[in-house]
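Let the hints inform the model, and build the full structure from the sequences given.
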Amino acid sequence: MDLLEYQGKQVFARHGVPVPSGRHAQTVDEAAAAADDIGYPCVIKAQVQIGGRGKAGGIKVAQNRGEALEHAQAILGMDIRGLTVHELWVEGASEIASEYYASVVFDRSAKAPLVMLSTKGGMDIEEVADTDPDAIARLHVDPLLGFQEFHGRRLAFEAAVDSDVVRPVGAMLAKLYEVFVAEEATLVEVNPLIVTPERDVKALDAKVTLDDNALFRHADNAELRDPSAEDPQERMAKERGLTFVKLDGNIGILGNGAGLVMSTLDVVAQAGGSPANFLDAGGGSKAEAITSAVEVILSNPNVKAVLFNIFGGITRCDEVARGLIEAFNQINPDVPFVVRLDGTNDVEGRKLLAEARLPNVFTESTMDGAAAKVVELAASGVAA
Amino acid sequence: MSILVDTSTKLVVSGITGREGTFHSLRNRDYGTQVVAGVTPGKGGQDVEGIPVFNTFHDAVSETGANTAMIFVPPRFAADSILEAEDAGAELIIAITEGIPAHDELRAFNVIKKNGRARLIGPNCPGILSPGKANVGIIPAAFFKEGNVGVVSRSGTLTYQIGNVIAQQGFGNSTIVGIGGDPVPGSDFIDIIALFQDDPETELIVMCGEIGGDAEERAADFIAEHVTKPVVAYIAGFTAPPGKTMGHAGAIVSGSRGTAKAKAEALESKGVRVGRTPTEVAELAASLLGAAA
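If you're matching them up, the sequences are chains A and B in order.
Take the first sequence: its position 137, counting from 1, is numbered 137 in our numbering, and each next residue is one higher.
Take the second sequence: its position 11, counting from 1, is numbered 11 in our numbering, and each next residue is one higher.
Any given hint could be a false lead.
[As the list claims (entries may be wrong)] No more than 30 Å apart at the CA atoms, straight line, and that leaves these computed lysine-lysine pairs for DSS-like:
id, chain 1, residue 1, chain 2, residue 2
1, A, K120, A, K55
2, B, K145, A, K111
3, A, K373, B, K261
4, B, K113, A, K111
5, A, K238, B, K244
6, A, K286, B, K113
7, A, K111, B, K261
8, A, K175, B, K133
9, B, K244, A, K111
10, A, K55, B, K244
11, B, K10, B, K113
12, A, K202, A, K120
13, A, K246, B, K244
14, A, K175, B, K113
15, B, K261, B, K229
16, B, K145, A, K286
17, B, K10, B, K133
18, A, K55, A, K246
19, B, K114, A, K111
20, B, K244, A, K373
21, B, K145, A, K351
22, B, K244, A, K175
23, B, K261, A, K207
24, B, K244, A, K120
25, A, K286, B, K244
26, A, K207, B, K244
27, B, K261, A, K246
[Said to hold, decoys possible] Residues from chain B shown here face chain A by an in silico Cβ test under 7 Å; the list is partial:
id, residue
28, T40
29, S155
30, P183
31, V184
32, H248
33, T279
34, E283
[To be verified] Calculated Cβ distances over 10 Å to all of chain A for the following chain B residues:
id, residue
35, T7
36, T17
37, D30
38, D47
39, E91
40, N110
If you're looking for bench data, these hints aren't it; they were derived computationally from the structure.
We put the CB at the ideal spot given by N, CA and C, even for glycine.
Rendered as structure tokens:
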């Protein structure tokens, strides 16, 4: 779960990470009132979960109420790389003497948290990593030991931050590590981390990714979820407990097991088709789950054909067949289905489907054959 | 031979009294695995169809001599159960549970690594099957028979799919190891491939990777340096969009990192044959084995 900047800053504030004070706004009037409250100059910032907001015109400085109104008007509803701005964060403008970069990331290959610090702040850190890797100081922390003060000093000296802020930057890193552990984040990133002319160290931005699997321990974070940022079809799938990712093609996909579904998408693409979604019906898929999943797949109007790719292990193919028959009874789909049933009880499953004589349902025995068939049906666009 | 589980495996299952735990423990026993104990706090003294249940792993291990633990408890209790099994002296811990918090996994992994006395497989994995010897986990054993192909995979059903095609071509398996789809697997491709390299029965290794992380890239380097047996690979997720978790918690392309293309290229550059579809992987494996026979 990715937090919006202001949510991240609120989390930071709870752990004593210094952030500029600000207010949340959802309308132009709220933004102007927030700006009046905070005082001028202030910054109006689009709240969307994507980088490059500044370049896209989503971050503007207002010198007075008139400008605050004008910027809020322009930014609300703006499209930033495919995301619509529904929320603003208004905060006091900060004077900047230096811009740094700091982060704590979950390093999968080292199986340890990785803390990074650089004086090349305010720019794309992946670009810095590619062009000037030595500009980033890195340190793995033993998760059983935790972040020590010396870690902070080492990073600050190695990154060559201004010598008078070695101590506060180290302290900032310790607090960011505390956020990472206490909130069970997989990413805590501050870009830029600024030093003001008064030599205060502050987080001017906040990028926080929380571990969805740990939200049960963090009731307040679980409530932060921003449903407006989620696609309605993805939301529908989530409410039904399905593992679903929307894609931009026209072939609906259902399979059991994440790896098999990913592989199904690939095989369909290789056959010249374009998948409309990833949907893992899970192990031991029961008939009701299948019906529910078909409804989610067909809620996407782009879908021209649907592929069921089931390899029964724990999942029983006869259960899947029953679910599909039930789904046809309930929804009467108007697009063709290709069904590949293999594995546990596959013979029974195929027999059930044959007896049900569902209109527009084609059975295939191999994954490759099924992919070729569904691509052909989606391309013809005609219900056979 | 085989790796990790065989006829000397003595299994203790945590969560044996739960619905899924009971079902799969009995299935494993029916296959021939020695299931010697279960652990459910507060249910010590009971039994599940003759399998004695203990309150703690320590009791179970000292009373039955169990050497392998299977973790079947819900995610919020799973890391604790893994650590308890390690503390009680289990040499091999197989964690089936999906959805364990990442920081819990990180702690469990680092404790096990530091103590250096147990091996963890999973979490979020289907377990390990050595056909004809032992089945620990949820792999449907009916599709597999004894043979000389070692399989290591981040995915369950994809493994069954590939294994089934290999079986149809007339070949069997030494051992099938699901290492799981989480960001911090207890054992990586490298750990398992090294075991297959040393296993006399295994003549060919199939590895099934997927998007996310760099375990496949590291495996490619390892194979080039240390593995003399042929390796055939499959990578799932060529069509996965960046930034989206594809079912498995670990299956995510982050920015430009962890793509299927990069993994396939890394493996091919080290001479590993990469099949573009599960069927092609099975055919490659069969033709390599056929040529050797």
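* Asked: Out of the numbered hints, which ones does the structure contradict?
  -> 2, 6, 8, 28, 34, 40
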